[in-house]
Amino acid sequence: MNLASISPILLLASLMVAATPILLAGIGELVTERAGVLNLGVEGMMITGAIFGFAIAVETQSATLGFIAAAIAGAALSLLFGLLTQYLLSNQVATGLALTLFGLGLSALLGQGYVGIKGVDVSKIHIPLLSDIPVAGPILFQHDLMVYVAILIVAVVWATLKFSRIGLILRAVGENHEAAHALGYKVIRIRLMAIAFGGACAGLGGAYLSLVRVPQWTEGMTAGAGWIALALVVFASWKPWRVLIGAYLFGGLTVLQLNLQAAGMKVPVEYLSMSPYLITILVLVIMSSGRGRAHLNAPAELGRSFHASS
Amino acid sequence: MNAKTLLACTALALGLAGGAMAQDKTKAGFIFVGPIGDGGWTFEHNEGRMAVEEHFGDKVETVYQESVPEGADAERAMTQMALGGADIIFTTSFGYMDPTINVAAKFPDVKFEHATGFKRADNVSTYSARFYEGRAVQGHIAGKMTKTNKVGYIGSYPIPEVIRGINSAYIHAKKVNPEIEFSVIWAYTWFDPAKEADAAKALIEQGADVILQHTDSTAPQAAAQEAGNVISFGQASDMAEYGPTPRVSSIIDNWSPYYIARVQAVMDGTWESMDTWDGIGPGMVKIGEISDAVPADVKAEAEALRDAIAAGDYHPFTGPLKKQDGSDWLADGEVADDGTLAGMNFYVEGLTGDIPQ
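Quick mapping for you: the protein sequence lines, in order, are chains V and D. Just so we're aligned, residue 40 is where the first sequence starts under the working numbering, counting upward by one. Just so we're aligned, residue 1326 is where the second sequence starts under the working numbering, counting upward by one.
What the hints contain is simulated information worked out from the structure, not anything from laboratory work. Predicted model, so just to flag it, every value in this text is computed and none were measured. The reader is advised that the hints may include incorrect statements.
Across the chosen pairs, the derived CB separations fall in these ranges [stated by the list, open to error]:
#	chain 1	residue 1	chain 2	residue 2	range
1	D	Asp1679	V	Arg228	57 to 63 angstroms
2	D	Ala1629	V	Asp171	45 to 51 angstroms
3	D	Pro1569	V	Leu207	37 to 43 angstroms
Partial list, computed: chain D residues near chain V (C-beta under 8 angstroms) [what the hints assert, rightly or not]:
#	residue
4	Lys1350
5	Thr1351
6	Pro1360
7	Asp1363
8	Gly1364
9	Thr1387
10	Ala1524
11	Glu1530
12	Gln1531
13	Thr1543
14	Ala1544
15	Glu1597
16	Glu1674
17	Gly1675
18	Gly1678
In silico lysine-lysine, BS3-like type, Cα no more than 30 angstroms apart, as pairs [what the hints assert, rightly or not]:
#	chain 1	residue 1	chain 2	residue 2
19	D	Lys1611	D	Lys1648
20	V	Lys163	V	Lys225
21	D	Lys1475	V	Lys163
22	D	Lys1647	D	Lys1499
23	D	Lys1624	V	Lys157
24	D	Lys1472	D	Lys1648
25	D	Lys1475	D	Lys1384
26	D	Lys1384	D	Lys1647
27	V	Lys157	D	Lys1611
28	V	Lys157	D	Lys1472
29	D	Lys1499	D	Lys1350
30	D	Lys1500	D	Lys1475
31	V	Lys225	V	Lys201
32	V	Lys163	D	Lys1472
33	D	Lys1469	D	Lys1624
34	D	Lys1469	D	Lys1648
35	D	Lys1475	V	Lys157
36	D	Lys1384	D	Lys1431
Think of the CB as a built atom: it goes at the ideal place given N, C-alpha and C, for glycine as much as any other residue.
This is chain V alone, in the form it adopts within the complex (with noise of 0.2 angstroms):
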């Protein structure tokens, strides 16, 4: 064993690019949920924005084009959600499951003619200075805009919610939509944006996947990101900076295991690969028991559909 070998500045620095993914999709289901709305299409909507932003980013040979027709097109496949949930009144959990499975089968259709294709080249940013500085720079200052832009959708985010007029609305309509509505709030409405909100994140963060993190299409290539992203929203509690915490947590996982057995560390190959789903069950059972229940607040109306005559 070697441990020597791992050199804590690259791999701190490949965490944060091993997270984004799951960090954009994470917060942008977080906001759909505290909008009172459970949308397990994540999986689905991720996979569909890889493919329109491999896609537009071949064909236009821009990124940022690839990145922008991701975030569209995983708003529309989840405004197909909001249509059937919130006009036609449908289970939420089946047609976040059935939108998982649409989005599978229609990026497969669509990346028929994109398989084995080479992306476009996503630049790094280099900040003159501040990605100078040792260990902080290469670390924090040397990656590629999205993992920037990821972290400043969560800063908004948490802002929002917390400061504004319009994230109370959001948290009133999550909370109690009756009363949201006694108020003279739209409520699907509100829903319906937050719903395209999240589907847009979830977009982002399956192009990061095919433009940044691999970078080619490939059917099948997010292979259960959005689940986790999905855990991560339970897992920070429904608060955005603890779904970075957490995001950064599982990719670190993630890059450490396969570090750890580059370095030749003598433990069981199997128990590497698990260790990262291992310690999201594990966080998710000591924070739902006990005392820490009370902190969960989950919003209230999750998942319950609503009627303006009921």
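We have chain V already, so just place chain D on it with the hints.
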């Protein structure tokens, strides 16, 4: 004769002709572990399938199913294909071994061909390529080219085929560079681009400047390219789009001649259960062009090694060789027998780490 009868007769004649044609056609089925566009393993098997179509033209019909998981679902896919009238079915991944044997027992009239496995039956042949011959050439280039003396190796599953490759590459890298060290990551997948990319990155971050992969996607090539100063080798397919660097050479699987020969045997009624294990010599394994990023003398040595293996003058597993635990394996000048190679489950002396059991 009125118009109606005429039409009926025409339809009948056409139907008969169609039926006769269908009987003439030999139907060959292929079960693939990844998508045909993976740019590696499955891509080359599909090239072989298309070569069969091109060679036989109208006399053959091929069907395939891609991304079939190794497990119970594989049995379903094979059964479906056999019921669909396939005369011969190629199952192209190690993990299909037991499903192939099970399904073959139910369809004694259908011929099965299982790639890289070791279980046969009256209607099940096995075939594989001696990839380790190509790994020897890669190991030689890796040993000469590395500056950090660290080689990163992305393994899929700890099965004999993969372990042979690691041993062969290591032996030949060590021969030209006694300082060489190998780091192996077991990805536990044949095809998961995100994981393969992460594994390559982890190896590069720990100082490896040569990446060898035994997984199917081009993601490690992309990771090597991004890192710069790292060389890699195409696996199963040429992966030439990543040349001249990072991809400096490759192992190409060439299944076409075998597939054509076996389909021909079915047509002629001469098909027999057999075990085929061909290497560079018969052309089942090809070494992709060694790019200009490799110095001319190293390139010449690598090509000489390739030719010696092809001619049968040199065997990549020639003694003296010891096992990892220090016990003797091959005496001076002795070459490994196929039985030991087929079931290889040990590292040779000098490799660090354990093979997961």
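Q. Of the numbered hints stated previously, which ones are contradicted by the structure, given in increasing order?
A. 3, 4, 5, 9, 15, 16, 17, 20, 25, 26 and 29
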